[in-house]
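J.: Since chain A is already given, all that's left is putting chain B on it; use the hints.
One letter stands for each residue in the lines below.
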Amino acid sequence: MLVLPAVAGLVFLVLPLAGLLIRAPWPTLLERLAEPQVLEALRLSLVCASVATAVCLLLGVPLAWLLARVDFPGRRLVRALVTVPLVLPPVVGGVALLLVLGRRGLVGQWLEATFGITLPFTTAGVIIAEAFVAMPFLVISVEGALRGADQRFEEAAATLGASRWTVFRRVTLPMIMPGVVAGAVLCWARALGEFGATITFAGNFPGTTRTMPLAVYLALETEPEAAIVLSLVLLAVSVIILASLRDRWVSSP
Amino acid sequence: MAVRRLSRWAIALPVALALAGLSGCGSGEPAASTTSASAGGAKEVTVFAAASLTGTFTELGKAFEAAHPGTTVRFNFGSSATLAQQIVQGAPADVFAAASPATMKTVTDAALAGSPATFVRNKLQIAVPADNPAKVAELEDLTDAKVKVALCAEQVPCGAAAVKALDAAGAKVTPVTLEQDVKATLTKVELGEVDAALVYKTDVIASAGKVTGIDFPEADRAINDYPIATLAKAPAGEAARRFVDLVLSQQGKDVLTRAGFEAPDQR
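Residue numbers (my numbering), protein chains in the order written: chain A, 832 to 1084; chain B, 71 to 337.
Hint data in this document are derived by calculation from the structure and do not stem from the laboratory.
Positions of the beta carbon are idealized from the N, C-alpha and C atoms, including for glycine.
A hint or two may mislead.
Said to hold, decoys possible - Quick partial rundown of chain A residues pointing at chain B, CB under 7 Å, derived from the structure: (1) Phe843; (2) Phe952; (3) Leu1049; (4) Glu1052.
Next up, chain A with everything else stripped away, as it sits in the complex (with noise of 0.2 Å):
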């Protein structure tokens, strides 16, 4: 009774997946590969989302300690603020991020005002569009390792003597450590495959905003051979990405 659903889910889920698999362009794959602008879209993808992920990390673990350490009023309320990138469709995500640092918007008319710095049509506009919609994935994730650490550690250290930050650095941070690698891997694999977020709010220009989904995007509508071939890339990176998460996620009790 079950069983039946059961495979045609699988299926339905791994299907699509073959048919990327079964249309790619074998012969000439090394090829396309190697061309410019796909090298060019990859080292931006990969460039991008790497430091996205260190800005999340810079900001997210703080953020993420302050949710699950320090009781303070409206707590619920900033953690549900601080998820709802996560459900809100990425392209709103980008209209919001055009009207507030765009050069019309609240902060960026006095950012290019202040220190003529326009945000928009920029790679830095790619980075913030990243960590705009993966952030919530790190934070949601450390919340969850500092929830489920023994809080005993460290009030053993504060008891001897160890200040906030030095609890944090030497006890905490130590404990929790798998839990912020796992949030950084899906920060990072979330970032990479922006799209909505990031052709609404940094636009297209091969080498500066064109990311490698803005190229499948974008190759779908001549060439759907390379968009083949660039979502296969996309396809072996998440695969990968699965794979180094394996441990974590399937032998989770």
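T.: The following block gives chain B in isolation, referenced to the frame of chain A:
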């Protein structure tokens, strides 16, 4: 425990999403065309039209519905290149109105449409925000590195026309972004994120004062013909042909020329 579960969910969800997102590309199975009944009763005409036709075709659709009670017209507006690709992949459309012969050719080459008829022509204009912050007055001004310019991607008709016009003028413009359709390009001007863009004259008119259009002589060298055709497998059949007839009729011409399109016979 609840927290544990959440963190696991947080891992499973994006992985599933990532794979789902990836699998969206490349599979070429045609979708079943079940838009409407093939004969009699309530009918539905599905029209795939270039983004630049959004305003005029919506108006014509309402006129068509008024003239044919019981029939509804549904539109899918987007870049002609995307729409052509969707039709080739089996999207259930009845009528295709493209912004360039090249994108229409994608569909006719796949033997999916009858012989297309050119129903209008469209010309590019320089669009600048209403306050024109970069003081753009002519095409030459766009070559200034300080002027932020948005163009359509070369794959879509307005982008192809822009390249042609810029080549004709011998102007070297480095845009900050290549947008996926003409409406997206215009939006960047409306929001003031760019100082100028090359879009169709009709889009400038449709934006109703939010942007200013500037004519330039080289636009005459990059005029886009708009072809329209009923699709070979049109589920709506006769109703699809009647919609095309309306577009080609005097009433259709009036609506289109009022929006700034040029009739195909005058050049």
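J.: Hint by hint, say whether it matches the structure.
T.: Now the hints, each set against the structure:
Taken as an interface hint, phenylalanine 843/A does not check out: its beta carbon lies about 10 Å from the nearest beta carbon of chain B, beyond 7 Å. Annotation: phenylalanine 952/A was flagged as interfacial toward chain B, and the flag holds, the nearest CB pair being 4 Å apart, inside 7 Å. Look at leucine 1049/A: its Cβ gets to within about 6 Å of chain B, closer than 7 Å, so that hint holds up. Of the supplied interface hints, the one on glutamate 1052/A holds, with its beta-carbon coming within about 4 Å of a beta-carbon of chain B, less than 7 Å.
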